[in-house]
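2 protein chains.
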Amino acid sequence: MKTELRLGIVGLGTVGANVAQLIERKAELLAERVGRGIRVTAISARDRDRRRGFDTDGMAWFDDAVDLAQNGEIDAFVELIGGSDGIARDAVEAALDRGIPVVTANKALLAHHGVALAKRAAQNGTEILFEAAVAGGIPAIKTMREALSANEVNRVYGILNGTCNYILTRMEKEGIGFDACLKDAQALGYAEADPTFDIGGFDAAHKLAILTSLAFGSEISLESIFIEGISKITIDDIAAATELGYRIKLLAVALKTDSGIEQRVHPAMIPARSALAQVDGVTNAVAVDSDLLGSILLAGPGAGGAATASAVLSDIMDVAGGFVPPTLGLPPSRLQPYLRARMRAHEGGYYIRLAVYDRVGAFASIANRMAENGISLESIVQRKADHKGEGTAPVILVTHETTEAAIRLALEALSKDGHLSGDPQMIRIEDLD
Amino acid sequence: MKTELRLGIVGLGTVGANVAQLIERKAELLAERVGRGIRVTAISARDRDRRRGFDTDGMAWFDDAVDLAQNGEIDAFVELIGGSDGIARDAVEAALDRGIPVVTANKALLAHHGVALAKRAAQNGTEILFEAAVAGGIPAIKTMREALSANEVNRVYGILNGTCNYILTRMEKEGIGFDACLKDAQALGYAEADPTFDIGGFDAAHKLAILTSLAFGSEISLESIFIEGISKITIDDIAAATELGYRIKLLAVALKTDSGIEQRVHPAMIPARSALAQVDGVTNAVAVDSDLLGSILLAGPGAGGAATASAVLSDIMDVAGGFVPPTLGLPPSRLQPYLRARMRAHEGGYYIRLAVYDRVGAFASIANRMAENGISLESIVQRKADHKGEGTAPVILVTHETTEAAIRLALEALSKDGHLSGDPQMIRIEDLD
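Chains as they are written, first to last, in this note's numbering: chain A, 937 to 1369; chain B, 937 to 1369.
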């Protein structure tokens, strides 16, 4: 048996404590699988005195994570502090500068600085592993980087935020409005007190930025992602989706188009019978379309201490086994510069819900604005007007494939025509064939 | 860049030719990813003169696969001949005896001789990789062996035979009978002229035997699998399943029970809303329940030249990158002896369809035989009798959880009572919660 792998862990919150506990509890299993012992020899966290459910005897304590990265007697460095900058980044850089492999669950760090860190790692003859950074326990990174390594990817997409999926699932299954579902998600610990990062689509965007790089061998470009959150989705939209044979999910999508890479995170209507549509609650899913494999789908827990710890441990065991593949699947010098496709060029079908004043000319305005912009309609449903005051009638349109630019122009013109009460609702349709 | 990896490929059918073509066509991509060139330096197949769509210049030809394994100038050996014994096995053993890593898509070889081969590999300081042997392009092996390496698995299950799933999907969607669907599957090349291996459940059993070993760290035991094929499934069963909120799939399941490991392949009713129920046509799926991750699901193409070649290439690239994990996820000496749970001890719900003569006492016989064996019923549906001659009425029962032993005794007694026309139909219900 080889000498044991000595780990330094910084950040001992839920995931970090879980990882340390599991290394203690499953020592025998882990050693059998990788042919060597794995031991935590150095730790650092905010509060030294907190009890964390594992035996800290024999572990060196460091008040400072960077100090541990620089001076700990370790063979691999595990960063579970989080955040794109500050101490997490400093500590990771310090470990890489020593040539020590880094395991991290930090999506923000990778999404913002992944390429620079991959270069820094390569310069020092080491790499970063980050299975836990995307889709929790689902082996999305390993699959993209290794199982698909001979494939050229056309599209990667998925449900990457459990909070949003929990809210949308409850809205659909129980007919409860967005605000009430969000409150429940907060009470259950699925959503933060400030839920913007999740429900605004930013969390999913961070994960997508990383997947996109692995999918297309391109540099990471978080700032190129078109992001729209779920807070504008109403029960009316959910009911309309059901009627039309769709379900609404916060989808993260990256695909290759003629003009570059299109990256977007937004609520989407997907066919109710698709496998992705069955992904409910806090479950995440990642799907990949590629030249050799066609379509594959991975689904599983997207968060949670044990699932995330499982992903961290899988990376640690790869390191212990001597398997440290290139951070982003390619040597960083071979990553393509990111070429951005404009969102206005996006092509697809659209669902549009309008509240139309019940008056002469209103319907002609809709028909004309669509026609002017070359948009053909697959279906139109007008419901009975609500006749309190000047009544409005809900009108639901589903378009054939068109462009984002055309839809935006049409909706802008429609709004100016003055027949609408409130802003038009628009949800993109993703045909998952 | 390291020296190139020299490959010997034996068997140049659809998959073998695909692999060689892709290594030629994607040479640059593959080299970038693994940091070294990959080149086929030796080949062997039945017919030397056949054109195969890749340039054989510079490749040494061997009439005999074993000769290639023993004498080829190669760093890794790729076996794509197939078959559990004979030349495939001899050649793999010869390569292992030289200490050369083996990549294979041969499920029969692994299912029958996996443990012996793993031992032989370990004795010679090398390993066998076999991603393509189970569920085609889905990274089931990599996920079980690496992503789940810190997990203890409770259950692994899936849809592992594309032919069966294609037939069952068409029966359901188009209301066409089993025989007609099988004929179409044969015409489309999804089923062999002798379809027994697929529709009898044996192909799925081979794949399950391998997954079970990886899941539980146990020795492989193909002969312990309870196997039942799909040929007895009728349109009536499909219609009843739909009505009851289920879909019928050929399911392969391995789980840990108090008395050992239960392995079974049989048609099962699974909840229509489950993700697995959406896996249609020739698509395969593998699901795993484990202590840390909970449930994860992988779905994708289970067969086809390109998808299988993709899996073979993923293994080849692991070898090129120097990553050759233990064949069965553990050193072979650490594999547990297989402890078999008897199928009679299986617990679950059952669907039973009877054709009952429309006469006094028939229903009492059903009720009594169930009660005698401690079986409680969740639902009973009796349809109107068919009144030609001595009419029979279809009766459909759904039981609460009971044992296989109880169901078998009850159905045997019922048959002896003489109120049934024909044999009872019985389909196990798998609650996937």
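Be careful, since some hints might not be right.
Said to hold, decoys possible - Covered stretches of chain B (in silico footprint by chain A; criterion: 3 or more residues with CB under 8 Å from a CB of chain A, positions within the stretch not fixed):
| id | segment |
| --- | --- |
| 1 | 1020-1026 |
| 2 | 1067-1079 |
| 3 | 1120-1128 |
| 4 | 1178-1184 |
| 5 | 1263-1276 |
Unchecked claim - Keeping only pairs whose Cα atoms sit at most 20 Å apart, straight-line, the calculated SDA-like set for lysine to any residue is:
| id | chain 1 | residue 1 | chain 2 | residue 2 |
| --- | --- | --- | --- | --- |
| 6 | A | 938 | B | 957 |
| 7 | A | 962 | B | 1175 |
| 8 | A | 1109 | B | 1181 |
| 9 | B | 938 | A | 1109 |
| 10 | A | 962 | B | 1225 |
| 11 | B | 962 | A | 1217 |
| 12 | A | 1320 | A | 1341 |
| 13 | B | 1320 | B | 1289 |
| 14 | A | 1320 | A | 1336 |
| 15 | B | 1055 | A | 1257 |
| 16 | B | 1109 | A | 1210 |
| 17 | B | 962 | B | 1006 |
| 18 | A | 1055 | B | 1192 |
| 19 | B | 938 | A | 1192 |
| 20 | A | 1055 | B | 1319 |
| 21 | B | 962 | A | 1210 |
| 22 | B | 1109 | B | 1056 |
| 23 | A | 962 | B | 1055 |
| 24 | A | 1192 | A | 1162 |
| 25 | B | 1192 | A | 1303 |
Unchecked claim - Computed beta-carbon distance windows for the label pairs:
| id | chain 1 | residue 1 | chain 2 | residue 2 | range |
| --- | --- | --- | --- | --- | --- |
| 26 | A | 1170 | B | 1297 | 43 to 51 Å |
| 27 | B | 1115 | A | 1088 | 47 to 55 Å |
| 28 | A | 1357 | B | 1115 | 55 to 63 Å |
| 29 | B | 982 | A | 1276 | 47 to 55 Å |
| 30 | A | 1122 | B | 1349 | 34 to 42 Å |
| 31 | A | 1088 | B | 1116 | 33 to 41 Å |
Bear in mind the hints are in silico, worked out from the structure with no lab data behind them. Glycine included, each C-beta is placed from N, C-alpha and C at the ideal position.
Against the structure, the hints:
A stretch counts as covered by a chain when three or more of its residues have a beta carbon under 8 Å from one of that chain; for the segment 1020-1026 of chain B and chain A the count is 0, and the coverage is violated. Note: the segment 1067-1079 of chain B has 6 residues with beta-carbon separation from chain A under 8 Å; the three-residue rule is met and the coverage holds. By the rule of at least three residues with a Cβ nearer than 8 Å to a Cβ of chain A, the coverage given for the segment 1120-1128 of chain B is violated, with 0 such residues. Taking a C-beta to C-beta cut-off of 8 Å, the segment 1178-1184 of chain B contributes 0 residues in contact with chain A, too few for the three needed, and the coverage statement is violated.
For the segment 1263-1276 of chain B, the stated coverage by chain A holds: 4 residues have a C-beta nearer than 8 Å to a C-beta of that chain, and at least 3 were required. This hinted pair does not check out: residue 938 (chain A) and residue 957 (chain B) have alpha carbons roughly 39 Å apart, beyond 20 Å. Simply put, residue 962 (chain A) and residue 1175 (chain B) have alpha-carbon atoms about 47 Å apart, too far for the 20 Å limit, and the pair is violated. With a CA separation close to 17 Å, the supplied pair residue 1109 (chain A) and residue 1181 (chain B) stays within the 20 Å bound.
Between residue 938 (chain B) and residue 1109 (chain A) the alpha-carbon distance is near 56 Å, which puts this suggested pair outside the 20 Å criterion. This hinted pair checks out: residue 962 (chain A) and residue 1225 (chain B) have alpha carbons roughly 18 Å apart, not beyond 20 Å. Under the criterion of a C-alpha separation no larger than 20 Å, the hint pairing residue 962 (chain B) with residue 1217 (chain A) is inconsistent with the structure, at around 40 Å. Proximity of residue 1320 (chain A) to residue 1341 (chain A) is assessed by CA-CA distance (about 31 Å); at most 20 Å being required, the pair is judged violated.
For the suggested pair residue 1320 (chain B) and residue 1289 (chain B), the alpha carbons sit about 14 Å apart, so the restraint of at most 20 Å is met. Distance check on the hinted pair: residue 1320 (chain A) and residue 1336 (chain A) sit about 24 Å apart at the alpha-carbon level, beyond 20 Å; violated. For the given pair, residue 1055 (chain B) sits about 19 Å from residue 1257 (chain A) by alpha-carbon distance, which is consistent with the 20 Å threshold. Proximity of residue 1109 (chain B) to residue 1210 (chain A) is assessed by CA-CA distance (about 15 Å); at most 20 Å being required, the pair is judged to hold.
Straight-line distance between C-alpha atoms of residue 962 (chain B) and residue 1006 (chain B) comes to about 28 Å, which puts the hinted pair past the 20 Å bound. Pair hint residue 1055 (chain A) plus residue 1192 (chain B) does not hold up; C-alpha atoms about 45 Å apart against a cutoff of 20 Å. Simply put, residue 938 (chain B) and residue 1192 (chain A) have alpha-carbon atoms about 32 Å apart, too far for the 20 Å limit, and the pair is violated. At roughly 71 Å between alpha-carbon atoms, residue 1055 (chain A) and residue 1319 (chain B) are farther apart than 20 Å, so this suggested pair is violated.
For the suggested pair residue 962 (chain B) and residue 1210 (chain A), the alpha carbons sit about 32 Å apart, so the restraint of at most 20 Å is broken. The suggested pairing of residue 1109 (chain B) with residue 1056 (chain B) is violated, with an alpha-carbon distance near 48 Å, which exceeds 20 Å. Only pairs whose Cα atoms come within 20 Å are accepted, and residue 962 (chain A) paired with residue 1055 (chain B) is rejected, the gap being roughly 25 Å. Of the pairs offered as hints, the one joining residue 1192 (chain A) and residue 1162 (chain A) holds, with about 15 Å between alpha carbons and a cut-off of 20 Å not exceeded.
About 62 Å separates the Cα atoms of residue 1192 (chain B) and residue 1303 (chain A), which puts this hinted pair outside 20 Å; it is violated. With their beta carbons about 59 Å apart, residue 1170 (chain A) and residue 1297 (chain B) fall outside the hinted range of 43 to 51 Å. Between residue 1115 (chain B) and residue 1088 (chain A), the C-beta spacing of about 41 Å breaks the proposed range 47 to 55 Å. Checked against the given bound of 55 to 63 Å, the beta carbons of residue 1357 (chain A) and residue 1115 (chain B), roughly 59 Å apart, stay inside it.
Between residue 982 (chain B) and residue 1276 (chain A) the CB atoms are about 51 Å apart, so this pair conforms to the stated range of 47 to 55 Å. A hinted range of 34 to 42 Å for the beta carbons of residue 1122 (chain A) and residue 1349 (chain B) is inconsistent with their spacing of about 57 Å. For residue 1088 (chain A) paired with residue 1116 (chain B), a C-beta distance near 38 Å keeps the hint of 33 to 41 Å intact.
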